[in-house]
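Protein chains: 2
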Amino acid sequence: MKRSKIVLVAILVMLLSACCDKPQKLEIMNTGIEPVMGLGEPISANFTGDAWLKMLSTEPGYDCNVYNVTFAPGTRNYWHSHSIGQILLCTEGVGYYQEMGQPARRLVVGDVVNIPANTMHWHGAATDSRFTHIGITPRVNENATTWGEPVSDEAYEQATK
Amino acid sequence: MKRSKIVLVAILVMLLSACCDKPQKLEIMNTGIEPVMGLGEPISANFTGDAWLKMLSTEPGYDCNVYNVTFAPGTRNYWHSHSIGQILLCTEGVGYYQEMGQPARRLVVGDVVNIPANTMHWHGAATDSRFTHIGITPRVNENATTWGEPVSDEAYEQATK
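Read top to bottom, the protein sequences are chains A and B. The first sequence begins at 207 in the working numbering and counts up one residue at a time. The second sequence begins at 207 in the working numbering and counts up one residue at a time.
Hint data in this document are derived by calculation from the structure and do not stem from the laboratory. A portion of the hints provided could be inaccurate.
[Unchecked claim] Pair by pair, the computed Cβ-Cβ distance ranges are:
(1) Met306/B - Met261/A: 26 to 34 Å
(2) Glu360/A - Ser289/B: 45 to 53 Å
(3) Met261/A - Asn347/B: 42 to 50 Å
(4) Gly354/A - Lys367/B: 52 to 60 Å
[Stated by the list, open to error] With the C-beta cut set under 10 Å, the calculated list includes, among others, these residues of chain A facing chain B:
(5) Pro241
(6) Met243
(7) Asn252
(8) Cys270
From the three backbone atoms N, C-alpha and C, an ideal C-beta is built for every residue, glycine too.
If we strip away everything but chain A, and leave its shape as in the complex, we get:
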């Protein structure tokens, strides 16, 4: 009788321990080291904070580049514009997109942004979440990017609060 109780308690402890692992495992699946299309290499030019870039397709005949960008929490790129525009497909975490003079748009998984031509804007992660989007530059041969100033901490805080 006593032995069976000890066995039961031991099984209980094992099961409790297994169940306590659960949230951790789910978190790894949600914010895992590798985004769905891969992480790529660190990039720093024109970014405030840590970011990674993975080129996915640069076939010359397509005149269209495709790549994956991952922003660490708090990271954003500088103000910039594209002469034809850019498409963002949000695949992980929470981020923001802001056009100059407009309120920021909060982005979650599944969101699509069609960035208009010649419009100063930035995109990046929320303060508390890694953020990944696929980026598509259509008509790449004539689609020029113009980089501006960093997004100040004050402007970023205002946009993401």
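For this one, chain A is given, so just place chain B on it according to the hints.
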């Protein structure tokens, strides 16, 4: 003593039941109803089996359409070609891509396919896995698709075995 044993057994049953839910929940996260960019609406023309299409970006100025295609297990599209080509970004499950006269390529999450111009091919799911890819049609205004015959069951089985 007996009562405490009953309580322990009751807790054990509860925990076992909770732990039995675990694989089911993980499976939902892996092959959930909604792919990362959404499921969209059923499509049937030029497909063998069940498939869903969600348009993501069709901005005329970009000359580049972006969409999500989800194939039920065993589903594939008909043989077809694009006059400029197409980009596939694999985001869920296991699938196949085959060019006419070539062995099929097995596709997993993170894979990219640059489909060459004027090349007869098909893509679709594995027999035992749902499969989702983002599709990008660059230079869409001049990128004509030519549809051919369905991929026969024999050809599909041969390609995916």
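Structure versus earlier hints, numbers of those that do not hold, lowest first: 3 and 7
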